[in-house]
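Taken in order, these protein sequences are the chains called A, B, C, D, E and F.
Counting with my numbering, you get residues 10 to 166 for the letters of the first sequence.
Counting with my numbering, you get residues 10 to 166 for the letters of the second sequence.
Counting with my numbering, you get residues 10 to 166 for the letters of the third sequence.
Counting with my numbering, you get residues 10 to 166 for the letters of the fourth sequence.
Counting with my numbering, you get residues 10 to 166 for the letters of the fifth sequence.
Counting with my numbering, you get residues 10 to 166 for the letters of the sixth sequence.
In case anyone wonders, no lab produced these hints; they're calculated from the structure.
For each residue, glycine too, the CB sits at the ideal point set by N, CA and C.
Don't take each hint at face value.
To be verified - Quick list of simulated restraints, FRET-style, between CB atoms:
{"hint": "1", "chain 1": "A", "residue 1": "Glu30", "chain 2": "B", "residue 2": "Asn46", "range": "32 to 38 Å"}
{"hint": "2", "chain 1": "D", "residue 1": "Glu75", "chain 2": "F", "residue 2": "Asp155", "range": "35 to 41 Å"}
{"hint": "3", "chain 1": "D", "residue 1": "Glu141", "chain 2": "F", "residue 2": "Asp60", "range": "39 to 45 Å"}
Stated by the list, open to error - Pairs of lysine to any residue residues, derived as SDA-like cross-links and limited to a Cα-Cα distance of at most 20 Å, are as follows:
{"hint": "4", "chain 1": "D", "residue 1": "Lys49", "chain 2": "F", "residue 2": "Leu138"}
{"hint": "5", "chain 1": "D", "residue 1": "Lys140", "chain 2": "A", "residue 2": "Gln108"}
{"hint": "6", "chain 1": "B", "residue 1": "Lys140", "chain 2": "C", "residue 2": "Gly79"}
{"hint": "7", "chain 1": "A", "residue 1": "Lys34", "chain 2": "B", "residue 2": "Leu11"}
{"hint": "8", "chain 1": "D", "residue 1": "Lys162", "chain 2": "D", "residue 2": "Gly146"}
{"hint": "9", "chain 1": "A", "residue 1": "Lys162", "chain 2": "F", "residue 2": "Gly79"}
{"hint": "10", "chain 1": "C", "residue 1": "Lys34", "chain 2": "D", "residue 2": "Ala86"}
{"hint": "11", "chain 1": "D", "residue 1": "Lys140", "chain 2": "A", "residue 2": "Pro154"}
Given next are the chains, with one letter for each unit.
6 protein chains.
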Amino acid sequence: MLAVYPGSYDPITNGHVDIIERGRKIFDRLIIAVLMNPAKQPLFTLEERIDVLRELYPPDTGIVVEAFDGLLIDFAATRKADVIVRGIRYVSDFEYEFQMALMNRRLDERIETVFMLPSESYSYVSSRLVKEIFQFGGSVSGLVPDCVERRLKSRVT
Amino acid sequence: MLAVYPGSYDPITNGHVDIIERGRKIFDRLIIAVLMNPAKQPLFTLEERIDVLRELYPPDTGIVVEAFDGLLIDFAATRKADVIVRGIRYVSDFEYEFQMALMNRRLDERIETVFMLPSESYSYVSSRLVKEIFQFGGSVSGLVPDCVERRLKSRVT
Amino acid sequence: MLAVYPGSYDPITNGHVDIIERGRKIFDRLIIAVLMNPAKQPLFTLEERIDVLRELYPPDTGIVVEAFDGLLIDFAATRKADVIVRGIRYVSDFEYEFQMALMNRRLDERIETVFMLPSESYSYVSSRLVKEIFQFGGSVSGLVPDCVERRLKSRVT
Amino acid sequence: MLAVYPGSYDPITNGHVDIIERGRKIFDRLIIAVLMNPAKQPLFTLEERIDVLRELYPPDTGIVVEAFDGLLIDFAATRKADVIVRGIRYVSDFEYEFQMALMNRRLDERIETVFMLPSESYSYVSSRLVKEIFQFGGSVSGLVPDCVERRLKSRVT
Amino acid sequence: MLAVYPGSYDPITNGHVDIIERGRKIFDRLIIAVLMNPAKQPLFTLEERIDVLRELYPPDTGIVVEAFDGLLIDFAATRKADVIVRGIRYVSDFEYEFQMALMNRRLDERIETVFMLPSESYSYVSSRLVKEIFQFGGSVSGLVPDCVERRLKSRVT
Amino acid sequence: MLAVYPGSYDPITNGHVDIIERGRKIFDRLIIAVLMNPAKQPLFTLEERIDVLRELYPPDTGIVVEAFDGLLIDFAATRKADVIVRGIRYVSDFEYEFQMALMNRRLDERIETVFMLPSESYSYVSSRLVKEIFQFGGSVSGLVPDCVERRLKSRVT
Chain A
10 MLAVYPGSYD PITNGHVDII ERGRKIFDRL IIAVLMNPAK QPLFTLEERI DVLRELYPPD
70 TGIVVEAFDG LLIDFAATRK ADVIVRGIRY VSDFEYEFQM ALMNRRLDER IETVFMLPSE
130 SYSYVSSRLV KEIFQFGGSV SGLVPDCVER RLKSRVT
Chain B
10 MLAVYPGSYD PITNGHVDII ERGRKIFDRL IIAVLMNPAK QPLFTLEERI DVLRELYPPD
70 TGIVVEAFDG LLIDFAATRK ADVIVRGIRY VSDFEYEFQM ALMNRRLDER IETVFMLPSE
130 SYSYVSSRLV KEIFQFGGSV SGLVPDCVER RLKSRVT
Chain C
10 MLAVYPGSYD PITNGHVDII ERGRKIFDRL IIAVLMNPAK QPLFTLEERI DVLRELYPPD
70 TGIVVEAFDG LLIDFAATRK ADVIVRGIRY VSDFEYEFQM ALMNRRLDER IETVFMLPSE
130 SYSYVSSRLV KEIFQFGGSV SGLVPDCVER RLKSRVT
Chain D
10 MLAVYPGSYD PITNGHVDII ERGRKIFDRL IIAVLMNPAK QPLFTLEERI DVLRELYPPD
70 TGIVVEAFDG LLIDFAATRK ADVIVRGIRY VSDFEYEFQM ALMNRRLDER IETVFMLPSE
130 SYSYVSSRLV KEIFQFGGSV SGLVPDCVER RLKSRVT
Chain E
10 MLAVYPGSYD PITNGHVDII ERGRKIFDRL IIAVLMNPAK QPLFTLEERI DVLRELYPPD
70 TGIVVEAFDG LLIDFAATRK ADVIVRGIRY VSDFEYEFQM ALMNRRLDER IETVFMLPSE
130 SYSYVSSRLV KEIFQFGGSV SGLVPDCVER RLKSRVT
Chain F
10 MLAVYPGSYD PITNGHVDII ERGRKIFDRL IIAVLMNPAK QPLFTLEERI DVLRELYPPD
70 TGIVVEAFDG LLIDFAATRK ADVIVRGIRY VSDFEYEFQM ALMNRRLDER IETVFMLPSE
130 SYSYVSSRLV KEIFQFGGSV SGLVPDCVER RLKSRVT
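Throw the hints in and build the complete structure from the sequences for me.
If you want it as structure tokens, here you go:
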């Protein structure tokens, strides 16, 4: 089974890491699909986001990191993925994800969306909040992988 | 990967059938785990519920039907399952399922819960509603598999 | 247009009264359909509940009070109703009502369900809470019509 | 009864069409009220959106298409509407709509908001998603009326 | 400020303990108000529940443990409480609590309800789940205080 | 106990006033913390927003009005606040607030977030809606304090 786990990863948080580890145990192969152009101005460039992910998931982890643009379902179909993995934590997440999953199923019924829960320790961690805390000078330690924390810190100096 | 799909199946609806078919494509093996004693007085006995399921999923489908009692997570562990599959349709489903999944993870962290969406055609179908409609003389055609409809009808005569 | 407004009315609250008045302005004719046997042991008998409603809505109001049993959609079809009216206040109301409305549409596609909002003043008033408050000796003044309050008080003595 | 069904209709989807048909059966007259200046940059100009709607609902359908600007409740009052119709599919829809309906009631208590459910087949269809799919080259067939699909396609060439 | 923290405490969980500790820091005095007769058959008698709470919160903690029957708001008024404290974790909690708080405000406007969040570590812990796990032979270690765990275990033998 | 009640107050609504009055009865001292730079272009400048608040809450009310920038939790810590007060009305409010409160607790565990409910009369009032109504020429009377209404009107002339 090949699963795609899509996102902006701007930056990857420990909540993402948690879902990746859980997904890895269920699906033989996992593609982390990095959205090239998120709606909002990203903090990290696509290259930086991919660099971080490849540092965290080198080739021998069986996890592949790839950028994508356009419709997620088209990218997943090109890669012959069986499954799209999404983490959900909140009711509002859930409703948006529900709508996207039904639409993606309509666009390509061969690919199924499955939802997973991150650890409750990360229930309140999102890329948006991490960026906000960082930009206002707060500590993001424990919210993101160490290599992300280092990159964030190196920006300030 | 071995997945457990638990429920009371009193009776199995086309919403359950939809999730079973979707789950079957993702996981090599699937156990339909029938809760022996649901909280409320069941319409069908455990034997009847198991009969129906085995009629629908004969051995050559790679789907196993088993009864269980006690904690679902203990049953899943005994069977060496990797995954518990749950269908979600509503926000209220989601919150209850969220709570159960986190508790089950605490009780046995080796087994992951994944959530799947039934087709929107079955979003409003539940065993409880099917029973209510049947008991008030309404038609459940298209809401449950044919063999369930036949059994329901044979009850009235 | 003929609308049916169903409920247990055990007892009718000022929230129900609010919806009835709003519905009456939109639909020519309104049937208040009183569920004969609610799931739980009712506080008022069917006769008492119908008496109260007929006292509140005498024939010249253009509102008809009737008891029903079985499936609501069958009752509505027998009366040649065009519309089922439901009040919603909460997300949890909404999800249950959504499911019922889709099921009723499937059972008889000629009858549409429309949802209305009670005044925010009654957003927290329900028959269940009114009964609880009354049974523990609290005042239900302003939560139910005067004639209901009188009947409740006469019970105690 | 005169009902107003407001929206941006950028573009009209089959979910809108579904609500319009259901509303048309309940209310004698229906005005489709097209918001002149949606918050975001529209895909279709006001003229194009009105053209499409008038093509779909020519005068003999008893449905009137009009543009409006400013407060919806003021537009509805000018037209002497009795009712505002809104479709709801999700909890998040519901909460926003609830807030707007109570505010509109405060601004003009003569006009009531009623909520209707689109068919579950359209539960995941929104103008926003349709635009996204179209812009990324996906097929919107079955999600929008044919004349909208044609207009979208003619844009690309 | 005197706060009342009501519940069935059948049994007290670590989620309750968490809220009590947080409430204790904000309010000078805290009454843990134990509902005498919960709707369902309790696992522990009122005496046992009170014993456990007094063992956990001896007089020198400034926390008082009391049983109550009837309306919570009447009990709170008798004790001249300023505040009712409630923990919320889920949307469904929130809606029910919202309704109760508005009703209690109507019954006695001098007493305010404030809501607090337990640690995310206890977001999935409830008395009902603890009882279920215990009754099916699962471990409740870490979900309830040690003295509750001991009492549960002594029941089995 | 010192409580901080943060917001953009662009403009303050009667919903805010309601929470401030309720909060004032529970906490000895209250700081109204005005976010300097809200995400969107404010209608009132920071100076105007502070002026309005100081007119409404002169020093002898025991309420302090202060501007803040950066992380709320840092501001609260600098002021040695014990509590952050937030009003919640909707499920969507609740989920966002839940996430922020858990994050703030992580950033500084000494400061607790408590949630309060405004009167149901203000359940649908928000700064955003007030601005929208004002900008389209509707009346905001009863939605905001008189001094805000006067300032809004003086803008038009």
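Consistency of the hints with the structure:
no., hint, result
1, A:Glu30 - B:Asn46: 32 to 38 Å, "36 Å, holds"
2, D:Glu75 - F:Asp155: 35 to 41 Å, "36 Å, holds"
3, D:Glu141 - F:Asp60: 39 to 45 Å, "43 Å, holds"
4, D:Lys49 - F:Leu138, "17 Å, holds"
5, D:Lys140 - A:Gln108, "15 Å, holds"
6, B:Lys140 - C:Gly79, "12 Å, holds"
7, A:Lys34 - B:Leu11, "12 Å, holds"
8, D:Lys162 - D:Gly146, "10 Å, holds"
9, A:Lys162 - F:Gly79, "17 Å, holds"
10, C:Lys34 - D:Ala86, "16 Å, holds"
11, D:Lys140 - A:Pro154, "36 Å, violated"
In this structure, the one hint that does not hold is number 11.
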